[in-house]
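Peer 1: Listed in order, the protein sequences are those of chains A and B.
Just so it is clear: in the first sequence, position 181 is 181 by the numbering used here, and no numbers are missing.
If you want the numbering used here, it's the position in the second sequence, counting the first as 1, plus 299.
Note that these hints are calculated values from the structure, not bench results.
Wrong hints could be hidden among the right ones.
Claimed, not checked - Distance condition first, Cα-Cα at most 30 Å in a straight line; then the derived BS3-like pairs of lysine-lysine:
#: 1; chain 1: A; residue 1: Lys9; chain 2: B; residue 2: Lys415
#: 2; chain 1: B; residue 1: Lys431; chain 2: A; residue 2: Lys13
#: 3; chain 1: A; residue 1: Lys290; chain 2: B; residue 2: Lys392
#: 4; chain 1: B; residue 1: Lys392; chain 2: A; residue 2: Lys13
#: 5; chain 1: A; residue 1: Lys9; chain 2: B; residue 2: Lys372
#: 6; chain 1: A; residue 1: Lys9; chain 2: B; residue 2: Lys414
#: 7; chain 1: A; residue 1: Lys9; chain 2: B; residue 2: Lys427
#: 8; chain 1: B; residue 1: Lys369; chain 2: B; residue 2: Lys304
All figures in this text were calculated on a predicted structure; none of them were measured in a lab.
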Amino acid sequence: MRGLGYLFKEGIKNVWNNRMMSLASIGVLVSCLIITGAAVLLSLNVNSVVDSVGRENQVTVFLDDDIKELEAVMEIGPQIRSLDNISECEFYSKDEAIAELRDELGNLFSELQGDDNPLPHSFHVTMVDLSQYEDTVKNIAKVDGVYKISDRSDVANKLTSLNTLVTQIGLWIVIVLGIISLFIISNSIRMTMYSRRFEISIMKSVGATDWFVRVPFIIEGIVLGLISGIISSAIIAFLYEGIISAVQYIIPFSEIAYSDVAFNMTFSFIILGMAVGALGAAISIGRYLKMEGGEILGW
Amino acid sequence: MIQFKNVSKTYPNGTHALNNVNINIEKGEFVFIVGASGAGKSTFLKLIMKEEQPSSGEITINGVNTTNMKRRKVPYLRRTMGIVFQDFRLIDKMTVFENVAFAMRVIGARPRAVKKRVLYILGLVGLKDKAKCRPAELSGGEQQRVSLARALVNNPSIIIADEPTGNIDPEMSFEIIELLNEINKQGTTIIVVTHEHELVQKFKNRVIEINNGQVVSDSGAPAEKVEVPIEISQEDLAEIPEEIAEEIADVSAAELSEEALQAIVQGEVEDE
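Please build the complete structure, drawing on both the sequences and the hints.
Peer 2: This is the structure we're talking about:
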């Protein structure tokens with residue numbers, strides 16, 4: 001396409017000539033992108049926590065109090081192992097359990113040994129596929145001699161529902177801010193078009209195609225989006241580590257390293273910014289392209 | 300070249316701007332369009348440029364029927380015409396060179412071609428040494444010549460000038476029309492809308508008068524000039540000194556050539 005260099009220069013000139021409005025657009029778009037990014041990162045982190053909790057989804061199967069060790073190992077163990085979706089099933093005797101408690105809590109439990117031990121025998125069961133978790137738990141419960149199954153799925157469930165909530169709220173914020181950014185950008189470009197209406201009218205009278213009239217403004221929108229994308233990914237990168245370590249100080253958890261997501265984050269910020277910019281520009285241009293001669297100049 | 304066949308134009312607000320107009324302008328003609336303001340001259344130009352759509356009738360430009368032309372083809376139609384405005388419409392923050400170059404750039408001309416052509420055209424209108432000036436530094440006549448250079452730069456086959464002399468002093472006006480005449484000699488069709496009778500009389504070109512949306516007189520193409528009877532209005536007669544009026548009265552209007560009439564009228568003007 002001929003004249004693209006010229007059109008590109010014109011687009012960048014627009015950004016500069018209209019710098020107050022450009023600044024406003026960039027400000028709004030940057031805030032929108034940062035909030036979007038924050039929501040995405042929060043969701044990623046919650047997900048990672050849910051995952052790590054999920055990965056520990058080893059259930060403890062407590063046996064009835066009157067089950068002896070031999071019966072447990074010889075009969076109940078194989079029964080559990082024969083169920084679907086079981087990868088490991090490790091016997092854990094009441095003596096081992098009390099010993100562990102004693103290690104953790106000291107001599108408080110020193111009297112509760114041998115026959116006084118109130119703890120039951122148990123199995124630590126690990127599953128193959130976590131999505132079949134509920135079914136597997138039900139099946140284990142059906143096995144004779146199983147008293148109770150304890151697990152951490154409630155924690156995982158709570159985190160998952162928290163994650164869903166975060167995602168939903170985040171999505172709404174992003175949609176609302178997206179519309180606001182679009183509005184601000186399209187207004188900014190409408191201002192540029194207004195200030196350049198004279199040139200547009202001349203362009204049309206000498207036979208510039210719609211494409212030629214449109215491109216500098218689309219480029220203006222894209223440049224605004226590009227700048228916003230770069231600024232917001234820089235800000236996010238700068239703030240992320242700080243916020244994460246502050247949160248970890250209160251609630252320890254395994255975070256996602258920014259370097260893992262840096263490329264995707266930056267890339268999507270820039271693409272998203274440019275897309276909003278281009279769309280915002282396209283919205284305002286349509287109106288001007290349909291006008292002719294004096295109409296453009298408002299006569 | 301330009302053909303209007305039973306063209307009418309009614310605006311959405313109900314104004315009947317043109318009413319059943321038939322005009323035929325041949326390639327290479329120089330035509331003045333005259334008429335009072337609101338007569339329909341501007342609508343006539345807008346229809347040629349396809350800024351407006353006729354309500355009925357047919358318009359043919361360069362052998363192409365533009366009546367139902369697709370929107371995306373309109374820019375290419377406009378590249379065949381150069382337009383000169385009364386208010387020059389120059390971009391203040393650009394130099395003379397850039398203003399003219401702008402018209403080439405926005406239709407995608409190569410930078411090297413732009414430079415060569417713009418300098419050539421500026422030479423043609425006598426503004427080569429003003430290339431680096433801003434429009435504000437120029438006189439009205441010079442600004443109009445820049446506007447004309449811009450209209451010419453894409454090598455159009457038609458030049459449309461809407462009151463090109465409206466904002467400049469009479470001497471400069473004469474110069475501008477003279478320049479248009481020169482361009483016309485190269486084969487470019489020229490249409491000039493004006494209400495300055497003096498200019499029209501000075502240059503012996505075809506004159507089409509539009510009033511109330513209708514063609515009220517057309518001096519015809521140059522070849523037909525002699526056959527068209529000259530109409531002398533009461534006002535014209537009143538302006539002519541008695542002794543000359545008597546002379547005219549002796550000859551019937553139909554026999555009087557336009558040139559002879561103009562010689563009489565001009566002589567009278569010069570006497571003043």
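Peer 1: State for each hint whether it applies.
Peer 2: Results for each hint:
Proximity of A:Lys9 to B:Lys415 is assessed by CA-CA distance (about 21 Å); at most 30 Å being required, the pair is judged to hold. For the hint linking B:Lys431 to A:Lys13, the alpha-carbon distance of about 21 Å falls within 30 Å, and the restraint holds. A C-alpha spacing of about 26 Å is found between A:Lys290 and B:Lys392, which places the hinted pair at or below 30 Å, so the restraint holds. For the proposed pair B:Lys392 and A:Lys13, the alpha carbon gap of about 13 Å is at most 30 Å, so the pair holds.
At roughly 26 Å between alpha-carbon atoms, A:Lys9 and B:Lys372 fall within 30 Å of each other, so this suggested pair holds. Pair hint A:Lys9 plus B:Lys414 holds up; C-alpha atoms about 18 Å apart against a cutoff of 30 Å. With a CA separation close to 26 Å, the supplied pair A:Lys9 and B:Lys427 stays within the 30 Å bound. About 20 Å separates the Cα atoms of B:Lys369 and B:Lys304, which keeps this hinted pair within 30 Å; it holds.
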